[in-house]
Amino acid sequence: MAPVTYEKVSKLFDGTAAVKDLDLEIGDGEFIVLVGPSGCGKSTALRMLAGLERTTEGRIMIGDRVVNNVAPQDRDVAMVFQSYALYPHMTVYNNLAFGLRNLKVPKQEIDARVRKAAEILDMGELIKRKPKQLSGGQRQRVALGRAIVREPKAFLMDEPLSNLDAKLRVQTRAEILKLQQRLGTTTIYVTHDQVEAMTMGDRIAVMRFGLLQQLGTPEELYTHPRNVFVAGFIGSPAMNLVPAPLVDGGGSNLIAGFRPEHMTLGDGSPDGLRFDAKVEVVEYLGNDQLAHLVKGETPLVALLPVECRLSMGDDATFTVPRDKLHLFDAETEQVVHGGG
Amino acid sequence: MKRGNVSLKLAALVVVLMLAVSIGAGVSAGKRTKGQGPVAAKAPSGTVTLSGWSVGATEEKLLKQVISAFERSHPRIKVTYDAIPNYDQAMLAKFSARRPPDVFYLNSEKAPTWIKQGLILPLDSYVKKSKFAVAPFYPKLMTAFRANGKTYGFPKDWNPLVLQINTAMLAKAKAKPPTTWAQLKSVAQKLRSVVPDGRPLCLAAEWQRMMAFVYQNGGSVLQGKTPTFTSPKVRQAVEFYVGLQKSGLGNSPAKLGAGWCGEALGKEKAAIAFEGGWVYPYLPENFPKIKWKFFPMVKGKQAGTLAFTAAYSMGTHSKNKEAGWELIKYLTGRTGMKLWSSKGLVLPARSDVKVKPPGPSRTPLLNAAASARAWSWPSGFDKVWTVANNELGAVFEGKQTIPAMLKKINDEAKDALD
Amino acid sequence: MATEARTERSIGSERVREALVGYAFVFLPLASFLIFFFYPLGYAFYISYFDWGPLGKIETLGLENYRDLADDELFHKALKNTLRYTAVVVPCQMALGLTLAVVVNQALRGRTFFRAAFYFPSLASSAAITAVALYILASDGLLNALIGTDKAWFAESGTALESIMGLNIWTTSGTMMLFYLAALQAIPTDVYEAAAIDGAKSWRTFWRITFPLLKPGHFFVGVVSVIGSLQVFDQAFIVSGGGGGPNYSTMTVVLYLYNQAINDVRFGYAAAVGVILFALIFTLTVVQRLVFGRMEAA
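Chains as they are written, first to last, in the numbering used here: chain A, 1 to 340; chain B, 341 to 758; chain C, 759 to 1056.
In case anyone wonders, no lab produced these hints; they're calculated from the structure.
A virtual CB, placed ideally from N, CA and C, is assigned to each residue, including glycine.
Be careful, since some hints might not be right.
[Stated by the list, open to error] Some chain A residues near chain C, calculated using beta-carbon distances under 8 angstroms:
(1) 50
(2) 52
(3) 73
(4) 77
(5) 78
(6) 79
(7) 81
(8) 83
(9) 85
(10) 87
(11) 89
(12) 99
(13) 102
(14) 103
[To be verified] No farther apart than 30 angstroms at their CA atoms in a straight line, the calculated lysine-lysine pairs in the DSSO-like style are these:
(15) 456(B) with 815(C)
(16) 128(A) with 959(C)
(17) 661(B) with 480(B)
(18) 130(A) with 973(C)
(19) 434(B) with 815(C)
(20) 909(C) with 629(B)
(21) 694(B) with 639(B)
[Said to hold, decoys possible] Incomplete in silico selection of chain A near chain C, CB under 8 angstroms:
(22) 72
(23) 88
(24) 98
Produce the complete structure using the sequences and hints provided.
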């Protein structure tokens, strides 16, 4: 394993920048997540690291080796594709062994490593099967196995959980985390799902329109989002972002942001934000309730304990503590005052 | 929604009906042309369909002239002429459908087979009724079209194999045209220096040429129903012919760089060819600079050569037989035959028609009538000739011996005859 | 407008009408298939048991035609030539078609032009191409002028059939290229990306990934190639003038069939030859199905 560095990396397709000026230093053994909406450039950034796309500008380094002009075959990275990209005509064993055979690893060692990977991923009895005989989840494990067996400098994962059903996704998320912690391999993980990003990454790089929006730990991104986009992207349910005057948060040049889970019903702390809103619909979540409010024409969302009694059509007062209030410049969308 | 469904289905039904009607119309249109001529009219009239294989533009033009002359003298009969490519294939299909043309070419080689299959109409009753003179036709040409004592056609023209010699080359080699086998060898020897490859004779590796030499040696390959390919006279003739190739005096046209011996002559790759009258107008039209003439076929122990001929015949299921016979009578009669052979493209098949065609003198060809035997073989012999020519080609290549070849052909011939 | 309730009856008759429309559309191609393909096929099987002429049945022979074919030396030669021809042409056609497809599949400049150029020979009629080839391969023709020999390629028993092989391989390469190209483009690109990351260089990727995944292409091209090769006729006929020479080298099964039917007018015997050829093609296709058949779904 090795550290990975992006130095002012850009990728242009016919004049449009898919990735612009990306600077990223990923530590040896770190699990970093690239997250953002479709088209933000996260996959392109990953593929440039893999060698499947050429960088237009900048340098990419694996360890202290500049790999811009190195073929994917020689970069010693392993990739897990969204579609798994298993070799359909080969058994699971051969799918795993293929990469090692290309490196002319001795047969016995190949066998040992394949069996070990199969054991780690609990695939023992699937070894002789072909991909079309496997379920989606099993294929995903084979894709992971292919990467593990190589013992590469870095794992590159391109939305590996997207094609799984919700329950399997949650399960596999944890397994991947456990795996990475066990093997300690540098991992660059791409996803559009901010929940995956928050739960899995040591650090998260939020991207939008090819530009890096913010790089930080999940906690940093949650408590101190640097701009409106990151604020609204991270956290579920999403942060309420409204013109400041609407909630008495400040002048018309500001946008006020506060998370649904930081809103309380009633008067609350004295120097926080206080405003009225009308309850439209309440969703019962078991442990909490999600209240959909409206103030004027603007919708708001509050996550409240189930004990709060709310009914449709009620007008209620809500408060947000000052240290949970974020203010953004309405024009630049950058944070002006954020998260205490 | 419902309305749309109905109109779509209606449209489909209309399309299907239209197609069905057009198919039906086509089928019935085919039927309508049947029996167009009046039934059992006193004087023959109506339309006569005439078909032959594809020929060159010159020949076709001449044929059409002859047909026009016929139509002028028989105002109640109209002739539609068709040149058919892939003639044998197409004719067999027409015979199978029982809709052959009224009058058509019958190749002497194919005649026994088609007659045996019952496809050809015997003409004897028509001959008798019209008192058509049969005697003027060269008897050796008629044999191909006679079977079971009946006559199935009358030859429209014919061609024998004779010598064609490049007279300029002959003069250059200071040689005289050969008349015997020995002279053929010596003259060829002299001509070696005048041709580029040193092989002045064009020798097709085909029995359709070599057979002339068999006849010149007094031999024959079929005696009644017994094949005699292995007889000494046949073997000697073959040895002579092949010997010419082996001794380097000649070679097959392909080896000389031509498609056939006429082309070899034209390209000046050969000085002597053994072809028929069809070399005119081929040589003047394609290689006008060559100076050449016809010379009599060489003689072995006797005179002998091959004749190629075709007849006009009618099919068993031809429609307008009465008018068809009128056409045949004209085309093979004195007037028609004279007009047809006037341009020198073919020779008249009747001894009472004299022509003076343009081009080199045809006397050597006309004189061959006495000794020229028609190329015509019993049904089933095509396979024998396929084997025979392949074997001869192998002999030419040095991959087969003459006795083995003759035995093989003989066995094949025995198979075909039983 | 009053809306009618859809009764069971009207739904039923609507289904019937829909079915009739379907049959009406299918009727013509189906009838054409039955009349022009199926019926003649059955007819040929039938007449092979007889001595058959243009005017119909001459004599019932039972299996005698087939017994005669078993002893027919010329037929054996034709069969041997045809099998030898197929054994050479099929692998060459497949290899050449695959090579061209791989070349054309690269994102090279002018690949559209090359695709059209490679396909072009397939468009010309085989008779026209053979006529031109007769000139080029004549002993004083273009090929000899270029390589300095004076062989009459079509007129020597050692090279006649081989020249036809070369001619056909070249002519059909474009069609095989298109088939392989379709199969090639059906392979998902991420499999290639995975192979690249797994360290496979170009030759290894071709042999271990591309070639095995082309099984559907191999099958289709193989079958089409075998069927076409076993029926070789045009070139043999034109080059040898129908005689199958020199020295039997260009005598093929279909040429023999043609000669027996058209020249010796033995329709029943020729039909028997056809039946044997049919059985041969059928068997080889089934064998190919077993070898290549099991298609892998990704």
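How the hints compare with the structure:
Evaluation of the residue 50(A) hint against chain C yields a held restraint, the C-beta minimum of about 6 angstroms falling below 8 angstroms. For residue 52(A), the interface hint holds, since its Cβ comes within 8 angstroms of a Cβ in chain C; the closest pair sits about 5 angstroms apart. Hint status for residue 73(A): holds, given a least beta-carbon distance of 5 angstroms to chain C, under 8 angstroms. Interface hint at residue 77(A): satisfied, since its Cβ lies 7 angstroms from the closest Cβ of chain C, which is below the 8 angstroms cut-off.
A least Cβ separation of about 7 angstroms between residue 78(A) and chain C falls short of the 8 angstroms threshold, and the interface hint therefore holds. The interface hint given for residue 79(A) is met, as the beta carbon of that residue sits about 5 angstroms from the closest beta carbon of chain C, less than 8 angstroms. The restraint placing residue 81(A) at the interface with chain C holds, with a minimum CB-CB distance near 5 angstroms, inside the 8 angstroms limit. Interface hint at residue 83(A): satisfied, since its Cβ lies 6 angstroms from the closest Cβ of chain C, which is below the 8 angstroms cut-off.
Taking 8 angstroms as the C-beta cut-off, the interface hint given for residue 85(A) holds, the closest approach to chain C being about 4 angstroms. Because the smallest distance between the Cβ of residue 87(A) and any Cβ of chain C comes to about 6 angstroms, under 8 angstroms, the interface hint for this residue holds. Hint on residue 89(A) holds. Least Cβ distance to chain C is approximately 5 angstroms, under the 8 angstroms limit. The interface hint given for residue 99(A) is met, as the beta carbon of that residue sits about 4 angstroms from the closest beta carbon of chain C, less than 8 angstroms.
At its closest, the beta carbon of residue 102(A) sits 4 angstroms from a beta carbon of chain C; the interface hint therefore holds under the 8 angstroms criterion. Given hint, residue 103(A) at the interface with chain C, holds; its Cβ is 6 angstroms from that chain's nearest Cβ, closer than 8 angstroms. Distance restraint check for residue 456(B) and residue 815(C): the Cα-Cα separation of roughly 14 angstroms lies within the 30 angstroms cut-off, and the hinted pair is therefore satisfied. Pair hint residue 128(A) plus residue 959(C) holds up; C-alpha atoms about 26 angstroms apart against a cutoff of 30 angstroms.
As the CA atoms of residue 661(B) and residue 480(B) are separated by approximately 27 angstroms, the hinted pair is consistent with the 30 angstroms bound. Between residue 130(A) and residue 973(C) the CA atoms are separated by roughly 16 angstroms; this keeps the pair inside 30 angstroms, and the hint holds. Between residue 434(B) and residue 815(C), the direct Cα distance comes to roughly 17 angstroms. Compliance with the 30 angstroms bound is thereby established for this hinted pair. Distance restraint check for residue 909(C) and residue 629(B): the Cα-Cα separation of roughly 27 angstroms lies within the 30 angstroms cut-off, and the hinted pair is therefore satisfied.
A threshold of 30 angstroms between alpha carbons decides the hint, and for residue 694(B) with residue 639(B) the separation of about 25 angstroms falls inside it, so the pair holds. A cut of 8 angstroms between beta carbons decides the hint on residue 72(A): the least distance to chain C is about 4 angstroms, and the hint holds. Because the beta carbon of residue 88(A) sits about 4 angstroms from the nearest beta carbon in chain C, less than 8 angstroms, this interface hint is met. For the restraint placing residue 98(A) at the interface with chain C, the shortest Cβ-Cβ distance is roughly 5 angstroms, inside the 8 angstroms limit, so the hint holds.
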